[in-house]
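Model the full structure from these sequences, guided by the hints.
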Amino acid sequence: MKSVKAVKTTYLIGLLFWLSAIIYFFAANWGGLSHVSQVTLACLLMVLFYGVGYGFAKWRPDLADVGAWIFWGGSIAFGAAVALIGQIYNSHADGYTFFLLWLIPSILLAIVTRFSVFFVQSFILFNITIYTYFYPLDRWVERTSGEDTAITIGLLLVNAAIMFLFASRKPMLVAYLAAVLVQGFAIEVTTDWSWRYLYSDETFSIIGILVYVLIAFLYAGIYVQYLVKTENKVLIVLASLGAAILLISHFFMIASWISGLLVYLLGILLGIGLIAGGSVWVARLARQSSDENRWLHQLIKAVSIFLAVLLITSSVLSIFYLLNLYGAEWILLSALVLVPIGSHLERSHSILRYTLMLSGLAIASAVLWDFSIPVLAVYVILVSYVLWRERGRAVYPFMLIAFLYGAGLTILRLLPDLSADYILLILTVLALGLYLLLEEPFAKGWNLIAALTVWFVLTFFSEHTVLYYLSNITYIGFLLYKTYKTAESRRHWLEYAVFAFLIAYFGYKYYDLFWKLLHKSVTFALAGAVFFLVALYFDKRQLRMDTGESRFILDGVRKWVPIVLLQLLIIGAIIMQKEIILRNGTEITLEVEPVDPRSLMQGDYVDLAYNISTYDANHNYGRVYVLLEKDEAGISQIKNIYDNMDEAREQLSGSKEVILQGELSGDRITYGIESFFIEEGTGTWLEENAAYAKVKVGSNGDAILLELTGK
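Numbering (this note's numbering), first residue to last: 26 to 736.
Keep in mind the hints are simulated off the structure, nothing from the lab.
Each hint should be verified, as a subset may be incorrect.
Restricting the straight-line Cα-Cα distance to at most 27 Å, the calculated cross-link-like pairs of lysine-lysine (DSS-like) are [as the list claims (entries may be wrong)]: (1) Lys584 x Lys507; (2) Lys664 x Lys681; (3) Lys584 x Lys83; (4) Lys655 x Lys584; (5) Lys664 x Lys719; (6) Lys195 x Lys30; (7) Lys510 x Lys33; (8) Lys33 x Lys258; (9) Lys30 x Lys510; (10) Lys655 x Lys681.
On a predicted model such as this, the values are computed, not experimentally measured, just so you know.
Now the structure itself:
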């Protein structure tokens, strides 16, 4: 391990192991530590990350970037600490307040440090906070179509502003992420209104027209700003992809609404027109433009092919189903004929050749499931031939997907009793074989991505214990090996996807129920320690210069230390507010009905519905104050609900009554006590036996869920 990059990679892998271990440990809700010990440990870990980051910046300036990433780990530890407090006091799982509390210091750290990771983290947390505020994950909120439109347009405009703001400054990744969300919101709001006009008999309104005009101006602004005034290829590509999906989705809706043979024939003609028009446009641009604008030619090709394939494929399949021809083998075979024909066309006719190949693949793949082994064999042979011919060309990944899909179906037909994990194992070996066999960088990169994807899915299958452990151990080993190889030498850009798969492995293993969170946490913590010790050992033998990438840690101490103190203050304030309710609140008993999901950051919990969760109210939604009264059995029941606390307090008439604050949506009320967090794997008894909940209610109507009891 002589390379500087290898040593830094070792540090970062160790950090990734440790961050995963922290999140997994607190999510496990281990009963071996008291709540006070858990909160204290979380705060110490947060301060430790910030302190170690500072130590690297001060005493190891040659490891500036490593120190910066460890410093960022302090923010992740703060998020884990806030999630832990919610777990202890049974606050809403994945509620917007959790993300909001995490967001505020993240934004401050981004402003103070100018570190790119904090900007990206803040952007992600901001959008999650807004989304979970308007669309809570724990309940359904009744809204009018106009309100939904206003929310979507608001989110679109906010993200559009962020996109334009960060398009000319670092980190530009924020602009690209915002652009993706802008496309999604634009597609959502326009298709929603078009659906209403076509299928809900809604008359045209000024709001709907303004929505279409706004989206049109938005796309026009993006093209004028980043194609004419200042060039930004990524934003133009994202906008073009979004516009293409938007247009094609509207064609599908209109075609489905009319639902006639003529419409589908028109779709085929439009696809042919796109091929011809795109080819002519690209040819003209090639004569008029310089080599610097070749990306624009490629963009026009890609959009033309994308639209043409969707139009032709959907129209042809619709005609087949309309005429009841979907069971005929000749459909599959005729579609497959298009693939080799397209492959043998001259490369100068790229739009036509790619459209033929992709349309043939799409049509064949759509009907492939119903056919016999000989037909599947023909499919696999033809696709394999074209796969070999097209290695190194843009159509290769689609051919690779079609090949693995056909191979998987063939194996399933030949060996119908073979379990899914063994089929995935065979496909993984096939993809790895292609990776080792083909030396062309483009094909090699896509083969690696295919192998890692199928292999990743295999790691979740636990039907055969030996295969489960072997697949996981070999997968993480291969990922680490490829991570080092990719970091040490210049590789094709596709091979850098190994870093994304490494992060995804740690993230998605959270949901692997075969392996307990506590065991994962201990394993990952030990692995992180090993990687850090190895990195420190080899790092002592290297002499490097200060890279200056974490100067913000030293230069901005007086700025970021108050933010760290603010994080500790937030933790303390939350605990104090909860403890006041526990000390001074009124205890009530409610009837419950539990289920058992898992939270993103807080672990296993029982999701509860109460006897006071439904009420036939006059208004649809909003904050309400529920007056509860104990019945003869000591169970609190709804007496009435009010719009404000003062009105509710005026109706209090005895010690058996208490006011509980809630959110009304339709006929359902949520109180913020619908989640009861439990130690991992202990939810079975509660699911089967829990009947009552003990709740403490504060003077302001806030409540804390204490415990669940049996009948």
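Hints and how they fare:
1. Lys584 x Lys507: 39 Å, violated
2. Lys664 x Lys681: Cα-Cα ~11 Å, so holds.
3. Lys584 x Lys83: 16 Å, holds
4. Lys655 x Lys584: Outside the cut-off at roughly 53 Å; violated.
5. Lys664 x Lys719: With Cα atoms ~19 Å apart, lysine 664 and lysine 719 stay inside 27 Å; holds.
6. Lys195 x Lys30: 23 Å, holds
7. Lys510 x Lys33: 13 Å, holds
8. Lys33 x Lys258: Status violated; Cα separation ~31 Å.
9. Lys30 x Lys510: With a Cα-Cα distance of about 10 Å, the restraint between lysine 30 and lysine 510 holds, given a limit of 27 Å.
10. Lys655 x Lys681: 5 Å, holds
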